[in-house]
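As given, the protein sequences belong to chains X and S, one line each in that order.
Using this note's numbering, the first residue of the first sequence is number 1, and each one after it goes up by one.
Using this note's numbering, the first residue of the second sequence is number 522, and each one after it goes up by one.
What the hints contain is simulated information worked out from the structure, not anything from laboratory work.
In this text the structure is predicted, and so the values were computed from the model without any measurement.
Where hints are given, some of them may not hold.
To be verified - Stretch by stretch, here's where chain X covers chain S in the computed footprint (C-beta under 8 Å, at least three residues):
(1) 569-582
(2) 607-617
(3) 620-626
(4) 633-644
(5) 692-702
Unchecked claim - Simulated crosslink set (EDC-like; lysine to aspartate or glutamate; CA at most 20 Å straight-line):
(6) X:K329 x X:E307
(7) X:K329 x S:E633
(8) X:K329 x X:D268
(9) X:K282 x X:E350
(10) X:K76 x X:D29
(11) X:K329 x S:D629
Glycine included, each C-beta is placed from N, C-alpha and C at the ideal position.
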Amino acid sequence: METPRRIVSLWLPSFVADRLTRRGASHADWHAQPLVTVMQQQGALVLAAANAAARHQGLRPGQSLADARALCPEIKTVAADPTGEADTAARLARWCTRWSPWAAVESLRSDGGAGLWVDASGCAHLFGGEQALLDDMIARLAAAGFTARAAIADSPGAAWAAARHGIASGSTAIVPEGGARQWLSALPAAALRLPEAMVATLDRLGLRRIGDLTILPRAPLAARFGPHLPLRLDQLLGASAEPIDADRPALPYHARLAFAEPIGRTEDVAGGIDRLIQALCKMLERDRRGARRLILTLYRVDGSLAEILVGTSAPVRNPTHLARLFAEKLDGLDAGFGIEAIVLAVPVAEPLAAQQMDLPVEVRGGPSGSDGLALLVDRLAQRLGPSAVVRQEPRGSHIPERSIAPASPIGRLAAPPPGNAADPRARPVSLMRRPEPVQTFAPPDMAPEAPPAAFRWHGVTHRVARAEGPERISAEWWHAPTSPPPQAFRDYWRIEDAEGMRWWLFRDGSAGRWFLHGVMA
Amino acid sequence: MTTTDSATITRLRARIWALEQGNSAPPPILSLGTPDAALPWGGLPLARLHQIAAADGSALGFAAALLGLIARGRPVLWCRRRDSALPFLPGLAALGLAPDQVVMAKTDRAVEILWAMEEGLRCPALGGVLGEVSDLAPAAARRLQLAAETGGVAGLAVTSPRATAGGATTRWRVGAAPSTPTPWGGLGQPSWNVSLERCRGGLPRAWTLEWRDGGFVLPHPPADAGPSLSRLRERVGVRAA
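Pulled out of the complex, with its shape left as it was, chain X reads as follows:
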């Protein structure tokens, strides 16, 4: 049987003001005072949002600031910040994924309120029923500094109507399954999410309640008011589907753990992560997949999130391996006032053949085989950064610094490009990060193509005892947008100095200057 759809609509009527006065915000101490945000509108400053104390004084969004000051001289004003408000709402929606993976911002309204959707289908029993779920939401949002109302119903439209207009007392409402028509019939027509002008017209016609509209035939309604009104009615009754656009897709592999009491010790968090990893590895094993990337989300008591991202070099579903990767990242964890829930998800999984997970690691040829190398590489990359642990792969270029490219530390490297194999004995063992200019001393009878008699680098003069060369490496004209000048080449020399040190020097073809490019074996 398909689980019936149950949608929670959360309404935060004073979202903008709460955002400014919540704990930790810049104006947190202004909580009890009249507070408004102001914005420029046609050259005048008008109120964008007002908190409860300001509303109590008779201030309303849309008023000019001058009028507001006349009504209430001690008013505090803050510039409206639409971007910051949208950002906070988005983060709040993501925080709501603690209840259900499907949560989204519904709207940010010009009156300073905000709405959120949470698709709670099949989730409510995890929190002790729908009433307990709604109570939990209200309590946690209140703890985070937001006044909220919550309603749950079969469709987003019904939940929206109940949250905005159907809550008589308290702050939660439950529209029973299949009972939307009856439960909502007494609500005003404005609960249908209609434009204000249309609500006014309906009001003039005596169609003041939803119940007045649901009993009318749809065709004349559509003819008189356009398709919008019947659509909203159908959405309210669940007859017309209304998808919720969550900002991130639900991840197929994810596990969640809530704590009875907030935890703060790293060891406790690590213990919780271990349990989630075990659960996830079972899921991955069932589908014969391994994780390439993992996201651990920690929900703090104060409504903020911490995320830990972990990547692997090859698909992994070995719990020990994954646990060690997270252990590396937990060192600097800021638990804040405590962590109340953690969610571990695998956004990227790749096929991984079945393995016998129960055998000891050594028996599977674990650390001594390629598995052990993958674990080592992952641990190094976790701490040093993924680009810091690499191998070198040959590339089809004769220019020394372009003849190698960083490659994955695990697996098979690309075959060397054909026809590119220089004699390895003619190549240095280490290459300067960029060629370093050297001062050269020419023998008196020196031809321009001859090696120097000595060169000076970092204040030390090296007398050249033997030299081999030149090996001419030209610019790669087939890569250049315009044909390079004919003198764009380097003449490389292998040089041994009087002490036996061997150097790789070149003379730049265009300028005739000498550079040190590497140290030979």
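Dock chain S against the given chain X, drawing on the hints supplied.
Here is chain S on its own, set in the frame of chain X:
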């Protein structure tokens, strides 16, 4: 000394060494050819930390060649500072290190090199670990030594010439040596002045070694290297007395 005598001595040394180490099994030994005679194990013990004090830039090539001998085709970890010169795999291939064998870890801080080396030494999947560290404090060396024994992986710490005499099993000093020129006057095989400076139960000795056919050998023809070799032996003899 007859051959039988030297074989007996080698066997006895191994027994004494095993007694000194307590119960732990002796590590596998890598034969280096000529220098074996100066080492109490008759070769270089793997699963240990070895320090190579670089008298100049050529020591890195010696360390790479030694790492290739130790790894025998297995993967190796090469730890270095981000701002140091880049190991160039096309050239390292001549010293027996294949490009697909070398995993390089670059770090921002010196302590992270030691950390990465320790991680590598604990990983039995590796054939060897090389770290370009400037200094090797005794405590850090002991940590690495312990990790090498645990993981059974040989470690090479390439340090500056003035680095602290740490707790590594052996300490070598390596600098460039003029190569034996080719008949047409070109550059000969890579050559190094190698001296074994510190080794418990071993003899401090010095050689000029040349890289030829995938191994360390005395320069050829020996007539060229003779004077310098005897001179080095004299010097070591003076120090031992």
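Task: Structure versus earlier hints, numbers of those that do not hold, lowest first - done: none
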